[in-house]
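Visitor: Okay, here's what each chain looks like letter by letter:
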Amino acid sequence: MKTINLTECTVRDLNQALHDQTVECTEREWEVLEPKGQHNIACGLDQNISVDIKGPTGYFCAGMNKKAHITIHGNAGQGVAENMMSGSVRVKGNASQAAGATAHGGLLVIEGDAGARCGISMKGVDIVVKGSVGHMSCFMGQAGSLVVCGDAGDALGDSLYETHIYVKGEVKSLGADCIAKEMRDEHIEELSELLNRAGVDEDVTAFKRYGTARQLYNFKVDNTSAY
Amino acid sequence: MCGIVGLYLKNKALESQLGELFEPMLIAMTDRGPDSAGFAIYGDEVPEGSIKLTLRHANEDYDWAGLAGKLKTELNVGVEWFNNSKVAIFKINTSDGIAEAFITENAPDVLILSAGQSIEILKEVGLPENIAKTFNLKGMKGSHIIGHTRMATESAVTMEGSHPFSTGMDLCLVHNGSLSNHNRLRQELQREGIVFETENDSEVAAGYLTWRLQQGDTLNEALTNSLKDLDGFFTFTVGTRDGFAVMRDPIACKPAVMAETDDYVAMASEYQALTTLPGIENAKIWEPEAATIYVWERSSDEGVK
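Protein sequences appear in the order of chains X and F. Number 132 in numbering that gives the first Met the number 0 belongs to position 133 of the first sequence; there are no gaps in the numbering. Number 118 in numbering that gives the first Met the number 0 belongs to position 119 of the second sequence; there are no gaps in the numbering.
FYI, nobody ran anything at the bench for these hints, they're computed from the structure. Careful, some of the hints might be misleading.
Unchecked claim - Only pairs whose alpha carbons sit at most 30 Å apart, straight line, appear in this in silico DSSO-like list of lysine-lysine:
1) X:K66 to X:K122
2) F:K253 to X:K53
3) F:K85 to X:K171
I would like the entire structure built from these sequences, with the hints used as guidance.
Guide: Now the structure itself:
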């Protein structure tokens, strides 16, 4: 295992060392010490390696991740795992706003709470939050799933496209065009698998499903005549 | 962009280290605001019936002794003073506004940065590190302190446009964000008698709170009303004689993180600014919620409420 202490080198040095693994993987396990809330830690990785970050991180940690498995042993700042393509990111603490923003794939697990706009404009990522999520979560979500074991804040799923949302607790309010939907067998199965992948033990029957009503402008075939 | 930071001590034993604890917090926010910085520190109170003024003159060699002498002889009041760079702290044993009026009339090139029993405001254009050094922030004592590192958007990069802004007794505000209705609101507040020194949007927020408090609002009520009347993006940290408050607008785009231990409550735009605080590893850390008011106040003799 390779250990890098961020009080002894810059984030740029760390990221370069991790990017060097893309060409030839010489070290599978990495440990990052004393991150102290710095931004852009372990961004743009593209290799099947594991990175354990021992402490709180700043903005955009694990952004654009591909293949790598990144664990943050602490809280994460804004935009953790933003635009992730594949692999997995696990936050042991809480995550700030815009966790998993625009992410296309992979699995993001937040063991604490997530702030506002969790999964904003998500495009295929699966996000499992053991705690609660803040307002405007899943805004304009396009694909993938968001699982919330706690509560959701205001305007959940506003202007949603096709993301599946599962919430166990209270939803403060639903956003435009987001509605509660029936939990069918295939949804129970999907949710069970998501919880299993995230290593979260919850009763799947206690969750409600939310999704798009498909009533907004983009869903109306009549509007195609404008083009 | 801008960075804001605040530190409120619950443990009085730490008061002698307030500046030392706060300096790295302010400097950590340099990336968010490298063009100017400032802070408002509370402590070293003057008794009821006296007033403490933070005065500033563009010339570092300004004759503060002369001004103090004039105040003493012409107003027949006691004056204690010391100066720190371009700023001087005057402690005057009258509180009915005559000292401020006298200074405005007889020393029009002296700017009154703050007035109250506890507050002192120190701010300049330049890197936070240099400003901390200029004023010897490290050596300062007090009960609480709020600071700001500025990346200017709505008005010029000048000392006057830098934060904190104070428009009322012992009240000051630092702001990260931008207000969109500040012009109209400034006009309305001017009609109510609030005086503004700059074109800055954040000064309008400070003026608004001063006006609400004059109308009899508590700090909590004033902040609740501001959610209705201010349009724009903001995270505010507000200092008062007894404590401090944090509030974010209902959209909450502008960041804020808080930490609390038995010894202190701290806020910052980013966690990076909190990493040097003692016991931060085990502190309760959270993001203040949108449109929610967080207030810490100490009553005069029982410590924290």
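Visitor: Indicate, hint by hint, whether the structure satisfies it.
Guide: Structure-based check of each hint:
no., hint, verdict
1, X:K66 to X:K122, "holds (17 Å)"
2, F:K253 to X:K53, "holds (26 Å)"
3, F:K85 to X:K171, "violated (52 Å)"
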